[in-house]
Amino acid sequence: MNSQLNKYLSISFINIKESLTYIWDIIFGKVIFIALIIFVFANLWTVVFASKGEVIPGFTLSMMVWYLVFGEALVTSIGRFVKEVGDDIKSGEIANYLTKPYNYIVYKIFVSFGKGLINFMLVLFFGGIVAYLMVGGIKISLVSVPFLLIVALLAMLLNLVIASVISLFAFWIEDSSSLNYIYSKFTFIFGGMIVPLEVYPPLVEKIAAFLPFSYSAYHPSKLVLIFSFKTFLEIFIVQLLWIGFFIIILFFLYKYIIKKVSVNGG
Amino acid sequence: MKKEEKKIISIKGLKKTFKTKVTKPGMSGIFKNIFSPDYKYIKAVDNIYLDIKEGELVSFIGPNGAGKSTTLKMLSGILFPDSGKIKILGKDPSKKRKELSYDIGTIFGQKPQLWFHLPPIDSFNLFAKIYDLDKKIYQERLKNLINLFEISDIINQPVRKLSLGQRMRCEFVLALLHNPKILFLDEPTIGMDIIVKKTMRELIKKINEKEKTTIILTSHDIGDIENISTRLVIINHGQIVYDGDFKNIKQKYLSKKLLKITTEDKIDLKDFKDLIVIKKSKYYIEFEINTKKFPLNKVIDFLFTKYKITDIGINEMPIEDVIEEIYRDQR
Ligand SMILES: Nc1ncnc2c1ncn2[C@@H]1O[C@H](COP(=O)(O)OP(=O)(O)O)[C@@H](O)[C@H]1O
Ligand SMILES: [Mg+2]
Chain W
-6 MNSQLNKYLS ISFINIKESL TYIWDIIFGK VIFIALIIFV FANLWTVVFA SKGEVIPGFT
54 LSMMVWYLVF GEALVTSIGR FVKEVGDDIK SGEIANYLTK PYNYIVYKIF VSFGKGLINF
114 MLVLFFGGIV AYLMVGGIKI SLVSVPFLLI VALLAMLLNL VIASVISLFA FWIEDSSSLN
174 YIYSKFTFIF GGMIVPLEVY PPLVEKIAAF LPFSYSAYHP SKLVLIFSFK TFLEIFIVQL
234 LWIGFFIIIL FFLYKYIIKK VSVNGG
Chain X
17 MKKEEKKIIS IKGLKKTFKT KVTKPGMSGI FKNIFSPDYK YIKAVDNIYL DIKEGELVSF
77 IGPNGAGKST TLKMLSGILF PDSGKIKILG KDPSKKRKEL SYDIGTIFGQ KPQLWFHLPP
137 IDSFNLFAKI YDLDKKIYQE RLKNLINLFE ISDIINQPVR KLSLGQRMRC EFVLALLHNP
197 KILFLDEPTI GMDIIVKKTM RELIKKINEK EKTTIILTSH DIGDIENIST RLVIINHGQI
257 VYDGDFKNIK QKYLSKKLLK ITTEDKIDLK DFKDLIVIKK SKYYIEFEIN TKKFPLNKVI
317 DFLFTKYKIT DIGINEMPIE DVIEEIYRDQ R
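Just so you know, the sequences run in chain order W and X.
The letter at position 69 of the first sequence is residue 62 when you use the numbering used here, and the numbering goes up by one with no holes.
Here the numbering used here runs 16 ahead of the position in the second sequence, where the first position is 1.
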């Protein structure tokens, strides 16, 4: 078991190493664009706050902008996971993975996790610069940092296991980009990637806050702004539960699909 | 039994049929597809028997859709047969896929397995972990492969900076790192130009000779296996049409060549009256010659003295034609 985990962590590690070699391509190809979105929103919020004051009670202008920085960093970090799996299936490339002594989908998760860590830090850094210049900083107590990191990592992992479950449907649906689209819109709307869920009507907010998507964006991002150890524990536990839940689904679905594909040929 | 004589792969009565939905166009088609779709059955592999000995180099040649990839997928355990038996090293791949993955190397398609932006050594080190190689054994193995493929001076350069040939050698080292007894190569030369194909052939030959790896490769182009002594298995419509020495087929059926020439002068059909002309326009002609009757050098000499030739192409007969002739002879 230990050597298995070691194997998969090495897979994350080589992808971190590779990402670092073309870090400027990532910055110019992707991160700058996200920073630009943050810039646009920062302007938008500045105007809104000037004319209307607080949109959500208790959320200051700088909190709104920094919320977006964390939301973007968390959600965009995993890349186009669903589409990548779809491409492997479509191109037949998956045959090369299935003949290796590892689990294909776990392999993919650790690849994206490695790349995701670098993306996460880059978006946080460049988005953070934009936010800082536009609206100033926010206060984060040093003690909370390790806890925030744990929640952030689990948020990415949760995001990846949900994406994995969805990606497996690419075995049935030819066009995986539509799956990718649906999934990204879910994290976007129900996950609260751009604005806190408090902007929704109370019922929608309650439902969205319960759904797993919000544990990969809304809850962790809000925790950075308003930290308490109690909230951390709540989020941490629910994240683990959701991750466990999706891993179980993933396990059975993957087994079922691989069997089916082996028998029917997809 | 001598070691080379040991049977490493045995295939008995292998069959695989695919069931696919026939999609119909239009609105009514959509409903029909959902509620009562019509199915089409494709016999991809149809009763194949094959024994492969340790150390053999076997080429599966056949037209597109002949069932080559399907066979390889069943051999590597990612596709289950409808009926028939496969034994690889005494094991059933559909039941022992993971176990067999330590003994088999596979390359399906052309996508590089090396991490593009990193030096090959990083990919090698990762694969050593993936295959649970013992550190000492891995170092020893790597040293041997580095010497065999002469890559010592490139393993620390990023893959993207390597030439195509260098990359190819490193890809093979990666695939051979876990010392597989068997290697499956599905269309390893597809889309390559002649020179790169030649490099690929030489590498395959080298692996088979020096590493004693049992290799099955597939191709739709019989010209691909020229200059390698191999056991040839011709597959058509999921069945084996020929199984034997490549030399026999070469002498019997590959004496025919396909010539295409472009000239500056008008082509006189009278010059080609004994030959089978396939296509002709004023300055271009495509024809078949039997090199036993008309030696290639004589034909070319003649053409070059008579015509001002601007372009010439000499090709093997397409595999479909070879298969047709084999059928004709069997009748
Ligand atoms: N997953 C699949 N579903 C349906 N039909 C398939 C599938 N895979 C292959 N086929 C069909 O089976 C036949 C053999 O395919 P394949 O083994 O890929 O041929 P080759 O590799 O010789 O070109 C083809 O007609 C192909 O269309
Ligand atoms: Mg094929």
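Wrong hints could be hidden among the right ones.
What the hints assert, rightly or not - Here are the simulated lysine to any residue pairs, SDA-like style, with alpha carbons at most 20 Å apart: (1) W:Lys23 - X:Leu312; (2) W:Lys93 - X:Arg113; (3) X:Lys107 - X:Lys197.
To be clear, the hints were calculated from the coordinates, so they are not data collected in a lab.
Honestly, which of those hints from before does the structure not fit? 1
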